[in-house]
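A.B. asks: Dock chain B against chain A, hints included.
There are 2 protein chains.
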Amino acid sequence: MDRVYVIGIGSTVFGKLPDSSIGELAVKAASDAILEAVVDRKDIGALYLGNFVSGMLLGQGILAGLVADGLGLGQIPATAVEGACASGGIAFRHAYLSVASGQTKMALAIGAEKMTHASTGLVTSALSGAMDLEHDGSSGLTFPGLFGLIARKYCDRYGATRDDVSAVVRKNKANGLLNPLASMGAALTLEEIGQSRPISDPIRLFDCCPAGDGAAAILLANEDVARDMLSLPIEVLATVQTRGAPHVGRMDDLCSFGATVSASREAFALARVSPKDISFVELHDCFSIAEIVDSEDLGLVPRGHGAAYAAEGRTAVGGDIPINPSGGLLAKGHPVGATGLGQIYECVTQLRGTHANQVANAEFGMTHNLGGTGVACSVSIFRRGNI
Amino acid sequence: MDRVYVIGIGSTVFGKLPDSSIGELAVKAASDAILEAVVDRKDIGALYLGNFVSGMLLGQGILAGLVADGLGLGQIPATAVEGACASGGIAFRHAYLSVASGQTKMALAIGAEKMTHASTGLVTSALSGAMDLEHDGSSGLTFPGLFGLIARKYCDRYGATRDDVSAVVRKNKANGLLNPLASMGAALTLEEIGQSRPISDPIRLFDCCPAGDGAAAILLANEDVARDMLSLPIEVLATVQTRGAPHVGRMDDLCSFGATVSASREAFALARVSPKDISFVELHDCFSIAEIVDSEDLGLVPRGHGAAYAAEGRTAVGGDIPINPSGGLLAKGHPVGATGLGQIYECVTQLRGTHANQVANAEFGMTHNLGGTGVACSVSIFRRGNI
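Chains as they are written, first to last, in my numbering: chain A, 4 to 390; chain B, 4 to 390.
No lab work stands behind these hints, which were simulated from the structure alone. There could be a bad hint or two in this list.
All copies of an identical chain are treated as equivalent in the list; a pair is satisfied when it fits inside any one copy or across any two copies.
[Stated by the list, open to error] Pairs of lysine to any residue, SDA-like flavour, derived with a Cα cap of 20 Å:
#, residue 1, residue 2
1, K45, R268
2, K108, M4
3, K45, E269
Since this is a predicted model, take the numbers as computed values, not measurements.
The following block holds chain A by itself, in its conformation from the complex:
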């Protein structure tokens, strides 16, 4: 496999974007990535687009072809991929593979979603498609319900408190205030978080990431192309995709997602770095408890200490292992198919040293995108480039 570099990035704001169609959002993000890299778009040989609910909420398929047409690309393979909330990370891996395997010298990964036009009921119903409807669906389980079970089990097993979990929300909402792409940043007290509206006990409103509209895009290139770029090259050291439990009955442990554990192990091995080398991580905090579990599954925080790390400020920017300096899903919102590419956008900005909430001396960045009950997972590791 050849070395692969990020040479361009683009992202819309994540939030309520009623004036743009999903295609327009995707074309805008991808155009920005192409324009930033200053390359000839006829050299882009593959396009992958991550999306989850466009069919269900908009009735629109063929997004990959639509967006390729909107971008004025050639008759290249343009493929939509789906792995629930991990769709963006999966699109990224496939664009990576098309460059790494020598099929093309440049490839585009795009994630896009439009959700805020639909009612909460419709969005909840669409997102339930990330569960096995024959098992979890028929039991009445929802995602807030699942993460409620996880939170209860985690706090019981490891002695974490409501305030410990709230500390994750406080940090991410505060980080979001610094991020111009995040619409849902806020300065909140632990009390405001812990007293917010109950959703699915013990999950409360501020424990949940909001749905959103948005798109993000990453342009990848091989070493020959990247060498000629004016911008600092960011190398993709590893990008791994795994699958795990499609419903809660297949989870070995409520406090761990097996697909994350496998993906991170493989990513560390491929990248030849260890957890202590990672300068920061953008991980899948769809709920506050998810950030805690993810940080442990990724090997970045000792098992059972995720909540304490957050409460002690060890996951803030400036702490031992900054988690979600962008504000994460909790402050950026979760336009499902776009999220994984949005994480990589934030990661690349950090490694370039130009993030609005910059981690000092960021050298190795990690991203983690998780789908459903852990049915699909994408983990990537990046390095500030020397080429």
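C.D. replies: Frame of chain A, contents of chain B only:
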């Protein structure tokens, strides 16, 4: 790129299958492919699943992960891909690439769809997602409408008659009678076809492929694995994916799909064979006029002669270039995401020499899967193996 071989195939009957879920259909087809090859399923390193309307008609996403779990595969990457009616062909290409690039020694491509439980209105609405809803959708154009325009233009330009077009239907419906996987085979006269219920002038009922339920699966392996197989190896000489017009306003010519022309040219070049080498083709006859246009776009029939070839019996088994000896979409039906893999199942069976409607001395087989208004296309060429 390494050489890649088909080592196992599986398919359900295509038709009305109300007693099985989409996951069950996919697991059945894939299990048959694995069992036929007699391999250890832990050696299967990637799964790709083609599907188009499961989100819209069933509310179920994560099919790739669900099916991987149902098959008892490992924590391997399991990815759903979408390119409207070409989703199956796209899944096949990605499974091919994962073997050809050395990522894994074995990979599974599966296509699956469930449609017959839904009302005609819902199915029509879901299939409209294969159009650009902002352009064609808002104009009221439907797929029978589009192919009606194509049929009118084609017959006007080339002087083809109603009976010439009906000859395609008569042939495919008759071929379907011989195929145990086809539920919609029939012995029809030209008069019965030409007098059937008008759908979208000049398109009549028998010009349209029916929706369907079904699944098909192909197990691919590298040369080392294929050499140890007991069955006749079938080599994948080329599999090409292109993108074309996402709406009718972007078609250069109503009587040709640019994505098919590009894909077939590239496939012939990669396979190092020419149209005259092809023993038979399974192509995308979603409407009878589509078979005529496709056969010309693929370079198998001279431009403007597709209808005459059908009328003269030159595309029947035993003719110059047998087209859709399986009965095609017209007789098998079109469980959208499954169709591309179903075509490859038929093609492999022909090259093994065991098809119920066998083409004599079949050596090189071709498949062609087309999505939407030609927004996505997949063309593959196979050879009866010497390994």
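A.B. asks: Look at each hint and say if it fits the structure.
C.D. replies: Consistency of the hints with the structure:
1. Taking the closest pair of Cα atoms, K45 and R268 come within 20 Å of each other only across two copies (19 Å); inside a single copy the shortest separation is 37 Å, beyond that limit.
2. Taking the shortest alpha-carbon separations for K108 and M4, both the intra-copy value of 12 Å and the inter-copy value of 16 Å come in at or below 20 Å.
3. For the homomeric pair K45 and E269, the shortest alpha-carbon distance between copies (17 Å) is at most 20 Å, but the shortest distance inside one copy (34 Å) is not.
Every hint, counting from the list given before, is met by this structure.
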